[in-house]
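Chemist: Sequences and hints are given; from them, build the entire structure.
Heads up: the protein sequence lines correspond to chains A and B, in order.
First residue of the first sequence? That's 1 in UniProt numbering, and the numbers climb one at a time after it.
First residue of the second sequence? That's 1 in UniProt numbering, and the numbers climb one at a time after it.
Please keep in mind that the hints were generated in silico from the structure rather than gathered at the bench.
Model, not experiment: these values are computed from the prediction.
It is possible that some hints are incorrect.
Taking CB as the label site, the calculated pair distances span [to be verified]: (1) B/Y166 / A/P56: 46 to 54 angstroms; (2) B/D40 / A/Q102: 17 to 25 angstroms; (3) A/M6 / B/R174: 20 to 28 angstroms; (4) B/P105 / A/S140: 33 to 41 angstroms; (5) B/Q130 / A/D100: 34 to 42 angstroms; (6) A/M6 / B/A175: 25 to 33 angstroms; (7) A/M6 / B/D102: 24 to 32 angstroms; (8) B/Q129 / A/S150: 13 to 21 angstroms.
Below, a list of computed lysine to aspartate or glutamate pairs in the DMTMM-like style, where the Cα atoms sit at most 25 angstroms apart [to be verified]: (9) A/K154 / B/E23; (10) B/K27 / A/D5; (11) A/K62 / B/D40; (12) A/K154 / B/E34; (13) A/K62 / B/E109; (14) B/K79 / B/E138; (15) A/K154 / B/E9; (16) A/K79 / B/D102; (17) B/K172 / A/E28; (18) B/K107 / B/E144.
Covered stretches of chain A (chain B as the covering partner; in silico rule of three or more C-beta atoms under 8 angstroms from a C-beta of chain B) [what the hints assert, rightly or not]: (19) 19-32; (20) 35-49; (21) 68-82; (22) 91-101; (23) 110-124.
The beta carbon of each residue, even a glycine, is placed where N, CA and C say it ideally should be.
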Amino acid sequence: MNLMDMSITSLQEQYMEMRDDLKELVLELLNHAVWAPNHRNREPWRFIYITGGEKPDFLNQKAPAHLVITMRNDSNTLKQNEDLAAVFCLIQNLTLLAWDKQLGVRVSFYEWMFDRNYCRKLGVPDKERIVAVLDLGFYSVIPEAPFKPSAALKWSFL
Amino acid sequence: MSLESLIRERRTVRKFNNLPVSEALVKSLLQKSEQLCPHDGESQWRYVYVGTDEARERLSGYISEKVLESRIARLTLSKVIESYQRRFLKIPAYLIAIADTDHDPIKNEEIYGTICRILQNFQLLSWEQQLGMAWITEPIIQNELFYKRIGLKEGERFVGMLEIGYFDKSPKARARTTADRYWTDSVYQ
Numbered sequence: 001m002n003l004m005d006m007s008i009t010s011l012q013e014q015y016m017e018m019r020d021d022l023k024e025l026v027l028e029l030l031n032h033a034v035w036a037p038n039h040r041n042r043e044p045w046r047f048i049y050i051t052g053g054e055k056p057d058f059l060n061q062k063a064p065a066h067l068v069i070t071m072r073n074d075s076n077t078l079k080q081n082e083d084l085a086a087v088f089c090l091i092q093n094l095t096l097l098a099w100d101k102q103l104g105v106r107v108s109f110y111e112w113m114f115d116r117n118y119c120r121k122l123g124v125p126d127k128e129r130i131v132a133v134l135d136l137g138f139y140s141v142i143p144e145a146p147f148k149p150s151a152a153l154k155w156s157f158l
Numbered sequence: 001m002s003l004e005s006l007i008r009e010r011r012t013v014r015k016f017n018n019l020p021v022s023e024a025l026v027k028s029l030l031q032k033s034e035q036l037c038p039h040d041g042e043s044q045w046r047y048v049y050v051g052t053d054e055a056r057e058r059l060s061g062y063i064s065e066k067v068l069e070s071r072i073a074r075l076t077l078s079k080v081i082e083s084y085q086r087r088f089l090k091i092p093a094y095l096i097a098i099a100d101t102d103h104d105p106i107k108n109e110e111i112y113g114t115i116c117r118i119l120q121n122f123q124l125l126s127w128e129q130q131l132g133m134a135w136i137t138e139p140i141i142q143n144e145l146f147y148k149r150i151g152l153k154e155g156e157r158f159v160g161m162l163e164i165g166y167f168d169k170s171p172k173a174r175a176r177t178t179a180d181r182y183w184t185d186s187v188y189q
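Modeler: Structure (structure tokens):
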């Protein structure tokens, strides 16, 4: 299917289900997703996979599995923003690929992501930061999205 | 083309041919890009488009302005700057993306993340139409003077500038590290 013909709706947590091959599929899709554009091929990303039993209570979004996406810190703000952009491009690649396989990806942000103590608890070393937590689960029902007319772009000329 | 191939085969394109780029096409691809990234509420980002000779001329001037501030650069780099300017004038279209900032770090991250994800959709959808681009973030355009010229307001941040055009030759790929090398299973205790 062409990307042009694809449509994506927001998923609700009650539709997200576990399946034995979830981890395997995520890894397979990530191998495509790493083709995201990134400056000087720095590949700033890293992934921590978390499932049910090992889940800390501060990870309070309901989902069968989570993928914590981290990146290396850089003291140079420009580089830091470039790397952050690259990681979000990777996240979008994964979201599109997963949707095609009926795997839902929800991007979550938490206040504790900015707290080193919590990051350490998840095994994130101090030279890295958490960009987002992806909540993962298969969906058997695609919730019907209320029709929303496409919003006008905020557009101007130089 | 399958989604996998589209994602793996997309390249950053820096050398464009002379075919003109349609503003209407860019807008429709961006609209689709926003739909493929569902978000709540009003969009907190905006676009500035450059697609006419006059606008290209202005942009080219803005880009070299910072370098030309230095007298030494004016004397020693004038040839380099000229060739730079010629290149800028030949690029068919530019799209500058600007996002709102927010005092709440989570909200701030979310806005920046959403516009970056939209721009990735845009790069993929464009590639499907044989339209290439490069996402530019060089220091030459990331400075206060350039921000002022493009009309960046307080409470806004520059996300990137895309150089857009059709191309004759697709650049070679740079190998990627497989995801398992960056993968850890939870170590939470």
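Chemist: Does each hint fit the structure? Answer for all of them.
Modeler: Results for each hint:
Distance hint check: the CB atoms of B/Y166 and A/P56 are about 50 angstroms apart, consistent with the given range 46 to 54 angstroms. At roughly 23 angstroms, the beta-carbon separation of B/D40 and A/Q102 lies within the given 17 to 25 angstroms, and the hint holds. A hinted range of 20 to 28 angstroms holds for the C-beta pair A/M6 and B/R174, which are about 27 angstroms apart. For the pair B/P105 and A/S140, the beta carbons lie near 36 angstroms from each other, so the given range of 33 to 41 angstroms is met.
Between B/Q130 and A/D100 the C-beta distance comes to about 22 angstroms, which lies outside the given range of 34 to 42 angstroms. Distance hint check for A/M6 and B/A175: the Cβ-Cβ separation is about 28 angstroms, which falls inside the suggested range of 25 to 33 angstroms. As the Cβ distance of A/M6 to B/D102 is approximately 30 angstroms, the hint placing it in 24 to 32 angstroms holds. Range check, B/Q129 to A/S150: about 18 angstroms between beta-carbon atoms, so the 13 to 21 angstroms window is met.
A distance of roughly 14 angstroms separates the Cα atoms of A/K154 and B/E23; the hinted pair therefore holds under the 25 angstroms criterion. Only pairs whose Cα atoms come within 25 angstroms are accepted, and B/K27 paired with A/D5 is accepted, the gap being roughly 16 angstroms. This hinted pair checks out: A/K62 and B/D40 have alpha carbons roughly 20 angstroms apart, not beyond 25 angstroms. At roughly 12 angstroms between alpha-carbon atoms, A/K154 and B/E34 fall within 25 angstroms of each other, so this suggested pair holds.
Distance restraint check for A/K62 and B/E109: the Cα-Cα separation of roughly 21 angstroms lies within the 25 angstroms cut-off, and the hinted pair is therefore satisfied. Of the pairs offered as hints, the one joining B/K79 and B/E138 holds, with about 20 angstroms between alpha carbons and a cut-off of 25 angstroms not exceeded. Restraint check for A/K154 and B/E9: not satisfied, since their Cα atoms lie roughly 30 angstroms apart, outside the 25 angstroms limit. Between the alpha carbons of A/K79 and B/D102 the distance comes to roughly 20 angstroms, so the proposed pair stays at or under 25 angstroms and holds.
Taken as a hint, the B/K172 and A/E28 pair is honoured in the structure, with Cα atoms around 23 angstroms apart against an allowance of 25 angstroms. Distance hint between B/K107 and B/E144 is fulfilled; the C-alpha atoms sit about 24 angstroms from each other, no more than 25 angstroms. With 4 residues having a beta carbon nearer than 8 angstroms to a beta carbon of chain B, the region 19-32 of chain A meets the requirement of three or more and the stated coverage holds. With 11 residues carrying a beta carbon less than 8 angstroms from a beta carbon of chain B, the region 35-49 of chain A meets the three-residue requirement, and the given coverage holds.
Coverage of a stretch by a chain is defined here by at least three residues with a beta carbon nearer than 8 angstroms to that chain's beta carbons; for the region 68-82 of chain A and chain B the count is 3, and the condition holds. Counting residues of the region 91-101 of chain A whose beta carbon lies closer than 8 angstroms to any beta carbon of chain B gives 7, which reaches the threshold of three, so the coverage claim holds. Only when three residues or more bring their CB closer than 8 angstroms to a CB of chain B does the claim for the region 110-124 of chain A stand; here the count is 7, and the claim holds.
Of the numbered hints stated above, those contradicted by the structure are hints 5 and 15, listed in ascending order.
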